[in-house]
Amino acid sequence: MSVIPCLVDRWSEENNNIILTWKQNERGLEPNQHVRKRCWSESLKLLQKIRGIPAATERLELEMTVSYNTFLFSLNFCNASEIEESLTNSLSRALEACGSQVSCSDPVQLWEAVLQTLGSSVYVPCVHKLLLIQWMLWLMQCQSERVLTLLMQTNHKREHSAPVNLQTETRNLALSTEEDSSLKVAMAAKDLKDLLHICTVMCEGVEQMKMERYSEALEAFQEAQGLPSPRSLLGQIHTLTGQSFAKLGQPHCALHFYRKAVEVDGACLSALYQSALVFRQLGNPKAEIEALHLLYSAVQLQSDKSSSIASLVSPAVLFGGAQMTFISRVPSPSRILHTLAHTCVFNGSISDGVEYYLDLLASLQSDGKDLILTGDGTSFPRIPVVYLEAGFALLKAKRYCDALVVCEEVITSTLDFIPERLLLDADEKLKGADSDVVLENVDLVLWAGAAHLLQAQAHWKLKDTKEAITNFTRAINQLVKVFIKQKDWKQKHFGNTEAMIERMVTVEAAKGQALAGRGLCFLEGGQLKEALRDLNLSLQMTPGCKNTEMWLTEVLWRLDRREEASAHWREVHSTEDAPKKLPLYLQLWPDDTAFDLSDLKKKMEGYIQAK
Amino acid sequence: MLVLTFVFNYTTFLHGYLIHVVFQTVMLFEASMIHLALSDDKHRLYALCANGGLYCTPLPPQLSSSSVQVNKSPDSVLFTVPDDSIVLKNASLQAFTIAEKILVTLSLHKSVWSFDLYEEPGSRPLHKLACFQVVTLNTCCLNLTDKEKSVSSPPVLTCIYPEGPTSVSTDLHPHLEPHLFRLLFGVDASLVNSPVILCGLPDGRICCFTLLVPTLAGPTGEQRSPVRVLQSLEQPVVFIGTCVSGEHGPQCLVAVGQRGKLLIVRSKQASLEGKKADYSFNEHSVRGPVLCACVDDKRLYYSSLSDLHALQLTTTSSSEATETESQLQTLTSDSLGVCRVVALAGPYTNPTGSVQLLAVSLSGRLLRVNLPQGSEKGNVPRLPSSLAGQKVKDLLASIANIWERAESLKHKLQKKNDSLKHLNQVIHVYSLLLDNHGNEKACNMGTKHPISCCGVARWSSLLQRDSLTLTCVLENSSGCTLEHGWTLCIQVHPLSKGPNMEGSSRTYSFPFMKLDSGQKLDVTVPLESTGRLSLPVKVYCSLVFSLSALFSPEASSPGVSQLLTETGSISAPLSTLTVDWLDALRLDGSFSHGNIRHDTVTDGIQAFLRSRGVLTKDSDTTTKSAPITVMVRVSSELLKTKLHLSATSSGERCMSVLNWLVSPEARGQMSVQSPVVCVYSPDGCSVKLLVKEVTLGDFCSDGPLEVLEIRVESSSVAAVCGLHHAILRRLQVLLRDSAVKCGHTKQLKAQSLFEAVRHVEVDLIPISLSVYYTFTLISVDLHVTDSFAYITCNNIIFFFFYCQSLYKELQDAQNQAALGGTMKTNKNSEILFRIFLQLRANPLVIL
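Protein chains in written order, with the UniProt record's numbering: chain A, 1 to 611; chain B, 1 to 847.
Just so you know, these hints were derived from the structure itself, not from any lab. Misleading hints may appear alongside valid ones.
Mimicking SDA-like on lysine to any residue, the simulated pairs with C-alpha atoms at most 20 Å apart in a straight line are [stated by the list, open to error]:
no., chain 1, residue 1, chain 2, residue 2
1, A, Lys-45, B, Asp-84
2, B, Lys-89, A, Ala-80
3, B, Lys-514, B, His-484
4, B, Lys-128, A, Lys-193
5, B, Lys-110, A, Ser-81
6, A, Lys-193, A, Glu-223
7, B, Lys-538, B, Leu-728
8, B, Lys-110, A, Ala-80
9, B, Lys-128, A, Arg-329
10, B, Lys-89, A, His-34
11, B, Lys-101, A, Gln-365
What you are looking at is a predicted structure, and each value in this text was computed from that prediction instead of being measured.
Next up, chain B with everything else stripped away, as it sits in the complex:
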């Protein structure tokens, strides 16, 4: 049985709601709905929308059939009401109702209210049966406040039937006992058993007309207006209904005004003296504003915005005057403790026996309000045991309800607290990280960072393929825990950008759930990109916190999380690592030989020239397999102090230096047992690294200088270049680290070295790797010669014997290449190689 239809002023949804909550159907109308009603046979639903359209839509069969037992599908059905179903469109339509297969509409046009009667299951356009009009009153006499005017209440149309033995199909409309009905609406309506349409107008008048016999002859035989004004509430009418059921049906007609005026119409019995029977209008006041109301047998339920009240209406016959007076006192209302109700229906007895009201809250929620039962004090002790049990059950249920609500509130509060705590911790961690960063220089060598990240490059073999991976270890040695929401981000950024490797930096993020104090997190990232390893690589590690983690996804309003989607994270840099050729050396030869590539000088130059757009058809494949050698000389003293070498013999010193280069701290277990070590470069070329101590007698005026000569020998030019760069970089870092302790002069030299390396990195790495080495030195030369020409420092001296001439030679070669594209590459390569050899022959010495 369909028991409820609700009107939403705010949304366009309709909830058809069944008492054995079986399913809901959601209907979507084009405009917001003002009013709706069912046809007499309950097969069609009429809805009046704000656009002035009256829609008629057949109800889904389940809804209309009265014998719905249990429907297995609880999901709601969404149904969009099409434009076609408009049966009547009139912007001035205000209200409507359906009774006796007649559709009664009320419209306001130019200060005339007109009631139009249409055939109900009619053709389209609807066949109009009749039209009656009522002139509006000037409403300013009602002293409506502006607020009340703005909330323009629509007129209320109610159809009331006389309660008769044969009235069956009219459970959609209220009834009234025949006696009062006859008194109020006349002999004719009562004789014909015709329903009466009552209309509460916004100007406070309650009009009525007999639906079936509207046009009757007046007393003088003329036609009189069918619409009669019953009474005026002098405030907008909110509700009209019947109440207080008696032997022959409800005994009262009740009307409620917006500002709380309550009109109760009762019949006065004819007294024995034959005095004319009459009815009485009793007016009472309740606290307004009244938004909506409904009635049951004894009570009127009405909602002011702040509360839902139940008003007990007495059943006493009002024949005695004294009793009428006492009624004023007996009108006491109980608060039901539900606020913000804007629509009411019911009450209905559900299968468990409790009585419920259905209500819609301002926010659009459908509520079931359990009515307190047996609230009359006198009845409480006389409750039968079964009812008492029921009552206890109800009470327990309501306690459970409240407990549930309280629990959910507590839960929400807890969540908010957690979020705040979490945020606080995040900010704490963040400030820790920022402190690290700011004082980086200060505590470089000193204490370890509370939260640090260090990485080691390793070779690993996967699917018969060797790849260089970087294993980063995030260590949390701070006092606090890194909670859910933190992400370790590792950005791998190759320093050399080949022509086909533009923007090849990659970022790996590792979100983790929790990192307690003292715990470590190991992550491994590949260093190769697109199958190619390009060294050196800079690795930036950072910790990122996503703010959305503060809010659990299911809770919290969607607004906050939406705000956070854009810029909802904070990031703190942890450390920057550089993985160079030294890191990538392989000490064992057990790698697959598939990816060995011998980069000869010629190849490299070819590649370079190709990248510069010079096409050479070089058929000369005279590859020189003679190893290329490069050496770096460093003052022994310097290294000794820097590396804290304790070894006294020169052989041990050499071995220590080699160890430092090849296997830094992380690889401590491997010790180099000889001053010469044969390793393999990442591309599989064998490289010989050797360190020996030489004495330079003629180098300095101070006397002979002990220097350690680090020599790299390989047939692969790439390996030689890479390793040279790596060694220089290591030395630079070493010197930089010690810059603070050393004196002014040392700082200067460090700066110079730093600059040299920086130029290599910044200006030259973009050039193809194979000619890197050549151009490194040339460029350094150029730079230095331009600015200083010849530098003599105390500790560091650069020799640039043939800088200028070499440069010129190179330029000539280049010009030739540019001018005559067909120039012999042989010559080209030879020139370049000569330059290289010349430079190599005069290595720099680092003191």
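Isolated chain A (complex conformation):
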């Protein structure tokens, strides 16, 4: 029987050759996925050969090492259940080799049997290698309880008085990770153990975060920070720590950790995104814009270079899909760009905002379109809204012609959907889908109206009063199609949805702006009666609008109704503009006053004093 040792030698050599190839590839500048696949298939073949003959103790070490290598290589090519099946097979064969009966295929019981049989033999390092694989598989499937059971079985020698806890178990885990120099492995057991340790702790933390137990999560992350880990992982740990702090209401601590994360790993996008969120929360638009801008450039850079996974076991694989998206969630480039543009315009940096909006529109229109996805559960705004916002930004940037074109797009696309009349019955209780349809219709009307409104303003700015009046009229005609049966809907909440109220307020605001705009046009054209009517109607729609009030004062003054004018004047100065939650494209602007108010001010103050 001199054949068997010879076989063992030959197979060991074969195994070592495969590992040698892999190590060379790993060291190389451009790690190749094909090499990995080849290593996998070769080592799988070797494993099949070894399994072709009955299990025996003299080959046990070799077989377990080859299994370990094969499982590591197979991570990218097989799913966890396939690997687990093969692992169970390996364990059964190990038990067979030792002459014990294999009674079950349940992994937990199998491991118990394996650890009992082989726990104190010379094969412990190999057994522990396979145990690491099992740990890894369960970690990938987020089965932390089974991991805990497994680790407890391994640690069974110690007496436990303290409550069982995965963190302490992991910390106290004593695996024999001596390497046998004659049998090479693709990844040293110690390295794998360290990686698994940190990932398990992170996993725990993430689970705690999901259950909104942030201080517990913080503990886990703080432990994870103490462990040796690769850079990218450390960056993610810092980010998660920061997120926990943010949730605990300590934004500055959060910012501190986000900064640490970016320092550790420059490509830690989630840290940038999270810090942008914190800056918004802190009301620091400048910093927010800067963070978003950094994030956007980083995302663009990242999408350029293809990410190749060089290492054998990457944290991305270990965390599984859902966990990884939670850890490193970043919105899609388009979403980031929109947020950036919106924030810029909203906070007054119009020129930057316009550029971003134009970039966004271009990316939506170009042939090499990007898929607009939002990975983090938020959704992309409706496309007409983006167009209207872009139109608004262009208008503010004094690029009136461009604004006209963009708004025209919205008008043509919504044209077919505008109903003759949209009567809303506040009493009527609408169920989910129906209410969605109604809201959608209101939206369409609103968008069409807003587009006309923006166009009219652009014409007004271009000094084309006639066109402006036409467009204001169109906007009014569109907007008045939405009609609510009950007159007192503002006071009474008819059990209607928040969204509906919000829509109605927006529609009213748009109506008010359109009427006020037309009134202003009439005022300029000297049609004072029409101006008076429109401005009055506008004030009915949106009471307390300062500009409208002042224009009304002017109209009244010119109509020689001085008393009324002075009354309005006083009213204007006594009331404050009620802050309204309006969409960006309906935001009022201080410079909207088209003509000089100082003249009016002088006149009014003179009149009041003269009284």
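For chain A, the structure is supplied; the task is to place chain B on it using the hints.
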């Protein structure tokens, strides 16, 4: 330009087919294919196979390049798609499509349909971009019959683009005019110009989602499911496409269900009163089951298994209600007269201007279906002359096609008839032959067989070597013709088997094309085997018919010919000939002397003993060159009656008998002029044959008996033995032939002779030829003495004077030889020779 990709459910082949039929590429996948599609840039082909693997393979460069003119090599290229090219493996994969560099797959897992989006020219494993899910409906409400369930139709994924001025690279997918597109799929898709993925699920629902902006905020700001159900056909969806081209692109969205429900979605124009524009769903019914469908500008083509239909879809705008109603009547379908179509593509205009559909039949054939043009009646008179010419051409072409088909059918029928006729004739011939065989005895002497074969042995010289050949003549004197397929088989079977000639029988077959009534076929076969002539030789002639000749090789299904390869022939025996030493005698001495071999008695005995394993080192070479003589005596009366001899003088009689022996009928021209003839045996020894009449006075109680004594003298023992056997055999045949006519006693004697000869042939010929003669007689003696001891019949008497003692002497000699291997062979041979001489001295007389 690649215009067609076909899916075969049954085979694993793909035909890439070009409109200027240039070449075909055959790709072989591991499992049968469910669906395939091209990537946007047409450089890669994706195929979904039944094993759940999605394969991505680069197209051969010729196929992908759009400017293929004429390729000189028409042969198809076979390409096996390797296992490596699987980009995605998921057993629950059901369908996929590719648009905008996004691969959309649809899989069914645990009653959830999930749409997965992947980056298309992606790395492996593919980078997943997104995933949307739709819960399946309980399909039992669809009242699917079992049959329909078993034919589980896969879901249909179609990508529809809005028709825009800038849409260029999207000729792989259907378009829809922007107005209807916007109405159906919303403002967002229309503003972004994003294609929409439409999915017809087997439960009948038609779902859609905007490919590029799938996750948009809902009306209340929350994220809403991107997948929207457009309509439900309530039967498995077979096809989704766009049709009825208008100014801005196709104006209708068409969906076809498996059981024939046809859904047409049209837009209603916004009326002047400012009423909201809308679209309408019109449902129609066509006769199902619909297997597949495709559309062109005006028509929907769909295949029920029994026919291919073209359905005219009207271009009218459906604003007026009356017109909508009238549409129901206007939906008339024309049959195209093509059945069993399971996949359709097209239509395409080929260079000659005719419009074609490409179709795959159930049996896997790729068909080109020429569409009838200008079928609208109103248009016919207004056809321009050029088109009319074209139309006539088309009609003529189709007539030619049909004529060709009819012709080929006729041809097939004709072939079958021919085969049957042929078979009938074969059976007729066969029964004729069998009749011959059965009545062989009856008509032995009488009429000639309708189909007969007789043979004559001849010497011929080839390459300075003389060889004995047998010339067989097959004569067909029956009324029928032996057609193609018959083979004349001649089996040459040496009767004597030497120790080194085991199983040396050979068969020669001569297939012939045709043998008319009255024609003859001459064939010549060598009688020697392995350079050695061993006589006597039995020759069996038979006619064999191979059934595979009934079926012409190119026609007929392979199954029949396969069945016939094993036992596909019938054989009928024709005749049995024996070529003996007499036949092989050479009357002239002009042969090459190279192969003369003098077999002396000693040599023969030596050979025999060697063959029996007794090694003798015999240095005694006292060859006796004294001629050996053997004689056969036959009653003159008998021969006279049998041979119908008319000669009265004894000399003439003798000559006639000698003639009969040496040159039977075939050699009639040679006449022996003396009662003594010197000839040469095949091995070149000179042999003297003489016949004389003697009177035996003391032989019979009836008085003196006239007998003819046939004497053979030669120095070669083999020749003497062979000739003796031959003469006995001839006499036996003669007597047997006459057995019927003769009386009881004669029959008896014939039987006895027959038995003697039979023993020679059956029991003794296997013994070495040189001692044949000796042992012949001994054995005959033994046999006869054992059973009868001494036979006296009326006409035939065997004398066995010293039988017993001779036998004993021989046995002693043999025993000595066996016991003392070193016994003098001299003595041996002398003993044997003495036995021989004693026997020879007392020949038998045949009366």
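Against the structure, the hints:
With a C-alpha separation of about 17 Å, the suggested pair Lys-45/A and Asp-84/B falls inside the 20 Å cut-off, and the hint holds. Only pairs whose Cα atoms come within 20 Å are accepted, and Lys-89/B paired with Ala-80/A is accepted, the gap being roughly 15 Å. Only pairs whose Cα atoms come within 20 Å are accepted, and Lys-514/B paired with His-484/B is accepted, the gap being roughly 5 Å. Distance check on the hinted pair: Lys-128/B and Lys-193/A sit about 29 Å apart at the alpha-carbon level, beyond 20 Å; violated.
Restraint check for Lys-110/B and Ser-81/A: satisfied, since their Cα atoms lie roughly 17 Å apart, inside the 20 Å limit. Note on Lys-193/A and Glu-223/A: the hinted pairing holds, with a Cα-Cα distance of about 16 Å set against a maximum of 20 Å. A hinted pair counts as satisfied when its Cα atoms are at most 20 Å apart, and Lys-538/B with Leu-728/B qualifies at roughly 16 Å. A C-alpha spacing of about 19 Å is found between Lys-110/B and Ala-80/A, which places the hinted pair at or below 20 Å, so the restraint holds.
For the hint pairing Lys-128/B with Arg-329/A, the CA-to-CA distance comes to about 15 Å; that is within 20 Å, so the pair holds. A threshold of 20 Å between alpha carbons decides the hint, and for Lys-89/B with His-34/A the separation of about 18 Å falls inside it, so the pair holds. For the given pair, Lys-101/B sits about 15 Å from Gln-365/A by alpha-carbon distance, which is consistent with the 20 Å threshold.
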